[in-house]
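My request is simple: use the sequences and hints to build the entire structure.
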Amino acid sequence: MGDFQEDFHASLSFWSADDYRRSWRSAFVALADDSAATSCLVTSITDPANSNFIFCWPLYRSGETVFVQNSLIFLEELTSPFDPAEPWHSVLPRETVSEEGRPISEWATTMSALGAFFSD
1 MGDFQEDFHA SLSFWSADDY RRSWRSAFVA LADDSAATSC LVTSITDPAN SNFIFCWPLY
61 RSGETVFVQN SLIFLEELTS PFDPAEPWHS VLPRETVSEE GRPISEWATT MSALGAFFSD
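Take the sequence shown: its position 41, counted from the start at 1, is 41 in full-length UniProt numbering, and no numbers get skipped.
Derived from the structure by calculation, the hints contain no laboratory data.
Hints should not be assumed to be uniformly reliable.
Simulated DEER-style distance windows between Cβ atoms [to be verified]:
| no. | residue 1 | residue 2 | range |
| --- | --- | --- | --- |
| 1 | Glu-95 | Ser-35 | 18 to 26 Å |
| 2 | Asn-70 | Ser-26 | 15 to 23 Å |
| 3 | Phe-117 | Ser-35 | 16 to 24 Å |
| 4 | His-9 | Asn-50 | 14 to 22 Å |
| 5 | Thr-65 | Leu-12 | 27 to 35 Å |
| 6 | Glu-86 | Phe-117 | 19 to 27 Å |
| 7 | Ser-35 | Ser-13 | 14 to 22 Å |
| 8 | Ser-112 | Ser-13 | 33 to 41 Å |
Note that this is a predicted model, so its numbers are computed, not measured.
All residues carry an ideal CB built from backbone N, CA and C; glycine is no exception.
Right, here's the structure in full:
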């Protein structure tokens, strides 16, 4: 996005590259609907029926600003079944300090920057 670039390795055993792209676009649409929305970009997923966790970048919108974190969705800790079509329903609320009292790493972007990224 813009000048920012992040590399990651995504498993292609459950989703194809097109599936990731489709999911990311849906995640952006979910953010666009509400100025205080939570969404996520799945960065690596294997079959949830045989997995313990999903790698993702939670997206926490606050007006025009979107805070991005690196996280795991622990499937065994969910109170409702994980839905790969709407993974953001399994993202926990935003926290900025860990249980140990350390700041949680996050970066900020904007809805405009995300919109430009997804319009390409």
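Range hint compliance [Cβ, Phe-117 to Ser-35, 16 to 24 Å]: Hint holds: Cβ distance 19 Å, inside 16 to 24 Å.
Distance restraint hint 33 to 41 Å, applied to the beta-carbon atoms of Ser-112 and Ser-13: 35 Å Cβ-Cβ, so the 33 to 41 Å window holds.
CB-CB spacing for Ser-13 and Ser-35 relative to the 14 to 22 Å hint: With a Cβ separation near 36 Å, Ser-35 and Ser-13 fall outside 14 to 22 Å, so the hint is violated.
Whether the CB-CB distance between Glu-95 and Ser-35 falls inside 18 to 26 Å: Taking Cβ atoms as reference, Glu-95 and Ser-35 lie about 20 Å apart, which means the hint holds.
C-beta pair Asn-70, Ser-26: status relative to the range 15 to 23 Å that was hinted: Since Asn-70 and Ser-26 have Cβ atoms about 20 Å apart, the given range 15 to 23 Å holds.
Hint check for Asn-50 and His-9 - Cβ pair distance inside 14 to 22 Å: For His-9 and Asn-50 the Cβ distance comes to about 19 Å; the hint holds.
CB-CB spacing for Phe-117 and Glu-86 relative to the 19 to 27 Å hint: Check passed, 20 Å falls within 19 to 27 Å.
Leu-12 and Thr-65 - C-beta distance against the hinted 27 to 35 Å: Once the Cβ atoms are compared, 32 Å apart, the range 27 to 35 Å for Leu-12 and Thr-65 holds.
The structure fails to meet hint 7 from the earlier list, while all remaining hints are met.
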